[in-house]
Amino acid sequence: MGISHRMSRREFCGAGAATVTALAFPLPAFAQSAARVVVIGGGFGGASCARALKAIDPKLQVTLVEPNKTFTACPFSNNVIAGLRSIEAQQFGYDKIAASGVTVVAQAATAIDAAARTVALADGTSLSYERLVLSPGVDLRFDALQGYDEAAAAKMPHAWKAGEQTLLLRKQLEAMDDGGLVVIAVPANPFRCPPGPYERACLIAHYLKTKKPRSKLLILDAKDTFSKQRLFQNAWKELYPGMIEWVSLSQGGKVNAVNAATNTLVTDFGNHTAQVANVIPPQRAGRIATIAGATDNTGWCAIDPVTFESKLAPNIHVIGDACLAGAMPKSAFSANAQAKVCAAAIATLLSGGSPATPKLINTCYSLAAPDYGISVAGVYQPKNGVLADVEGAGGVSPADAPRDFRAREADYAQSWFSTVTAEAFG
Amino acid sequence: MKALCVAVATATVMASSPPVLAASEPSPGATSCSGCHTSGAASSVSRLYGRNADEIMTAMTGFRDGSAPATVMNRIAKGFSDDELRAIAAWLAAQK
Numbered sequence: 021m022g023i024s025h026r027m028s029r030r031e032f033c034g035a036g037a038a039t040v041t042a043l044a045f046p047l048p049a050f051a052q053s054a055a056r057v058v059v060i061g062g063g064f065g066g067a068s069c070a071r072a073l074k075a076i077d078p079k080l081q082v083t084l085v086e087p088n089k090t091f092t093a094c095p096f097s098n099n100v101i102a103g104l105r106s107i108e109a110q111q112f113g114y115d116k117i118a119a120s121g122v123t124v125v126a127q128a129a130t131a132i133d134a135a136a137r138t139v140a141l142a143d144g145t146s147l148s149y150e151r152l153v154l155s156p157g158v159d160l161r162f163d164a165l166q167g168y169d170e171a172a173a174a175k176m177p178h179a180w181k182a183g184e185q186t187l188l189l190r191k192q193l194e195a196m197d198d199g200g201l202v203v204i205a206v207p208a209n210p211f212r213c214p215p216g217p218y219e220r221a222c223l224i225a226h227y228l229k230t231k232k233p234r235s236k237l238l239i240l241d242a243k244d245t246f247s248k249q250r251l252f253q254n255a256w257k258e259l260y261p262g263m264i265e266w267v268s269l270s271q272g273g274k275v276n277a278v279n280a281a282t283n284t285l286v287t288d289f290g291n292h293t294a295q296v297a298n299v300i301p302p303q304r305a306g307r308i309a310t311i312a313g314a315t316d317n318t319g320w321c322a323i324d325p326v327t328f329e330s331k332l333a334p335n336i337h338v339i340g341d342a343c344l345a346g347a348m349p350k351s352a353f354s355a356n357a358q359a360k361v362c363a364a365a366i367a368t369l370l371s372g373g374s375p376a377t378p379k380l381i382n383t384c385y386s387l388a389a390p391d392y393g394i395s396v397a398g399v400y401q402p403k404n405g406v407l408a409d410v411e412g413a414g415g416v417s418p419a420d421a422p423r424d425f426r427a428r429e430a431d432y433a434q435s436w437f438s439t440v441t442a443e444a445f446g
Numbered sequence: 085m086k087a088l089c090v091a092v093a094t095a096t097v098m099a100s101s102p103p104v105l106a107a108s109e110p111s112p113g114a115t116s117c118s119g120c121h122t123s124g125a126a127s128s129v130s131r132l133y134g135r136n137a138d139e140i141m142t143a144m145t146g147f148r149d150g151s152a153p154a155t156v157m158n159r160i161a162k163g164f165s166d167d168e169l170r171a172i173a174a175w176l177a178a179q180k
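Taken in sequence, the protein lines are chains A and B. All residue numbers for the first sequence refer to the working numbering, where the first residue is 21 and numbers rise by one. All residue numbers for the second sequence refer to the working numbering, where the first residue is 85 and numbers rise by one.
Incorrect hints may have been included.
[Claimed, not checked] Keeping only pairs whose Cα atoms sit at most 27 Å apart, straight-line, the calculated DSS-like set for lysine-lysine is:
| hint | chain 1 | residue 1 | chain 2 | residue 2 |
| --- | --- | --- | --- | --- |
| 1 | B | 162 | A | 403 |
| 2 | A | 257 | A | 231 |
| 3 | A | 243 | A | 257 |
| 4 | A | 175 | A | 116 |
| 5 | B | 162 | A | 116 |
| 6 | A | 175 | A | 229 |
| 7 | A | 191 | A | 231 |
| 8 | A | 229 | A | 191 |
| 9 | B | 180 | A | 79 |
| 10 | A | 181 | A | 236 |
| 11 | A | 243 | A | 74 |
| 12 | B | 180 | A | 74 |
Hint data in this document are derived by calculation from the structure and do not stem from the laboratory. All of these numbers come straight from a predicted model, not from anything done at the bench.
For reference, chain A alone in the conformation it holds in the complex:
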């Protein structure tokens, strides 16, 4: 109870000091029934948080700010690239969120005044809040890799935000001749979906093995180790022998520059010219987080591990890929779990309470083939100011599991997607 209670009193006094003579009794109601929470970003984190807030306390005035009418989910978008799934299966609207009592505003947020607690929108209007939640996801850094800007992405797709880019990469694979070279360039940590590039390699290889078996896939990596590494590398040998080559950082895998005109990727050790080049660039928190003053010099948002409140911008909470969540990876599962913890913490703070210390879970499935799933799981709790692994818990799927175990994990992956999208989008 103590600390946050005292702080809210101090803040109330501080804010009220100048205008205290204007306060007429009875005192203005500061009751939580009138409390306004604005959530910016309608992905897994923001959508889940808006709905959770409304479910916890239907009296809260919850506004979800998201300019797009349709959300296109990244998990399972590698299946779309590999021709195994339609893009429509990835798309969700906001009608059910609106029906649950959340005000959905189809505008981009352009500015945030943390002192005045207001959000400016692209149409010139503004929203006031008691608490603000930022769930802006990632921005791709088009300044980080020489030659890789938005124009280059139209030739060398990143496909790291699902939608047109996903379909572009799929079309390029479909247009490629048998015997072609596909290159995936992978950035250093941290980035959205750590196992994603390696799942993508698997599913593209699945497509190539089926349709263009003389082709090769090269992964140029800015790291020496990666998520679920042993499981992926075993699957590559087992399922796609001779097709996938991984070049680590110490083997010269880091891509320093690209030339979109020639589809060339440049490393310290030489040039690779690809028929299809998938360039996943370095990333940072979505721009609105910087506008809000919530990003540090890493480009990401440090947060309190109990409430997800920004360590830099008071009354502003950051969840999902944009936040530095310690040991928790940047995944849709994490964003959904964080959203629910953050919503409960905000409801408690608004009612004058002190949020309890949370525990959070993450489970990330990857598909090495449509019927071959592998997973990594973790349990997290606040420790020394960050979310730390609970020791003895978590880890990856067993290396020696039989194929029916892999099939069950593939089935659970599908089931997770259905469940989490239903929870987030209705």
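Once you've looked at the hints, dock chain B against the given chain A.
Frame of chain A, contents of chain B only:
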């Protein structure tokens, strides 16, 4: 000014209603479950809301000590104590 501030703060605290979550605040870890475990439609992953708390507790302790077969729940169950599991099971059982 300070005295008035204290008076204002006290009145404000008195005016605010008790935390709505007090009775049903989820136990640490409990809200993560619904990421996979559906609250509605049929799924290959079991529904937990409204399920008997003892059943959930038996399953979780079985996953944790390896006596119950699992793919991922064994790895997750190891992150929770008996007390934490009991609280989570009770909270899940109370959800609709």
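Tell me, in ascending order, the numbers of any earlier hints that this structure violates.
4, 5, 11
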